[in-house]
Amino acid sequence: GDSVTQMEGPVTLSEEACLTINCTYTATGYPSLFWYVQYPGEGLQLLLKATKADDKGSNKGFEATYRKETTSFHLEKGSVQVSDSAVYFCALSGRAGGTSYGKLTFGQGTILTVHP
Amino acid sequence: EAGVTQSPTHLIKTRGQQATLRCSPISGHTSVYWYQQALGLGLQFLLWYDEGEERNRGNFPPRFSGRQFPNYSSELNVNALELEDSALYLCASTKLDEQFFGPGTRLTVL
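Those protein sequences? They're chains A and B, same order as listed. In terms of my numbering, the first sequence opens at residue 1 and continues consecutively. In terms of my numbering, the second sequence opens at residue 1 and continues consecutively.
Next up, chain A with everything else stripped away, as it sits in the complex (with noise of 0.2 Å):
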């Protein structure tokens, strides 16, 4: 079945500093992938999709790639601040023939905390 593999944290960073977190998937057919962002006492907010190989999702600084050829969606960020301290997951919509499966698979979650 579909799996996500994703960086286990928690990861602490310096206001400033480079982020990247890891994340490689298993699946059948041609998966979207999404990152997905929780802050403190809320839901689920999507940071970015990419839906076919190559596909680069940006948002709020935000990038990452869909590699098909090494099964990666990893999250980059080139200068991180105290805000973005939240729980970050990927995640992938199991596609076959164009036709969405539906549900989300996670990966185990992310903590990254940003101090000043």
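Just so you know, these hints were derived from the structure itself, not from any lab. Computed from a predicted model, the values in this text were never measured in an experiment. Cβ atoms here follow ideal geometry from the backbone N, Cα and C, with glycine treated the same way. Warning: the hint list may mix true and false statements.
[Unchecked claim] Only part of the chain A face toward chain B is listed, based on derived beta-carbon distances under 10 Å: (1) 34; (2) 41; (3) 42; (4) 89; (5) 91; (6) 106; (7) 108.
[What the hints assert, rightly or not] Straight line, CA to CA, 27 Å or less: simulated BS3-like cross-link-like pairs of lysine-lysine: (8) 56/A / 95/B; (9) 52/A / 95/B; (10) 56/A / 77/A; (11) 77/A / 52/A; (12) 77/A / 60/A; (13) 49/A / 60/A; (14) 95/B / 68/A; (15) 95/B / 49/A; (16) 52/A / 68/A; (17) 49/A / 68/A; (18) 77/A / 49/A; (19) 68/A / 56/A; (20) 60/A / 95/B.
Got chain A sorted already, so can you dock chain B onto it with the hints?
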């Protein structure tokens, strides 16, 4: 545009009782998904409803059930509550491949 709403925000029950959680999707969205976020276990898919029908089910026992109403809102029922059912239950509605999540219901089983 109003987002996905869930009620109640918090729910406290004792072992053996039943819990009912509610979700209203974004207007125009016909699919509702339920996920369980238990401490240390990440997010696990529970149920998917679309156009009033159950389309897919995660690896959960039958005491987890639900339904979707004609207005596309949904209800999740958990019978015979166990301590390990304590978790944040998230509901999401979908537009194409994107799922939009509600704030969740925190269920505590004592």
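Cross-check of the supplied hints:
no., hint, result
1, 34, "holds (8 Å)"
2, 41, "holds (9 Å)"
3, 42, "holds (6 Å)"
4, 89, "holds (7 Å)"
5, 91, "holds (8 Å)"
6, 106, "holds (4 Å)"
7, 108, "holds (5 Å)"
8, 56/A / 95/B, "holds (20 Å)"
9, 52/A / 95/B, "holds (17 Å)"
10, 56/A / 77/A, "holds (13 Å)"
11, 77/A / 52/A, "holds (21 Å)"
12, 77/A / 60/A, "holds (9 Å)"
13, 49/A / 60/A, "holds (13 Å)"
14, 95/B / 68/A, "holds (24 Å)"
15, 95/B / 49/A, "holds (13 Å)"
16, 52/A / 68/A, "holds (8 Å)"
17, 49/A / 68/A, "holds (14 Å)"
18, 77/A / 49/A, "holds (15 Å)"
19, 68/A / 56/A, "holds (12 Å)"
20, 60/A / 95/B, "holds (21 Å)"
Checked against the numbered hints listed earlier, the structure breaks none of them; every hint is satisfied.
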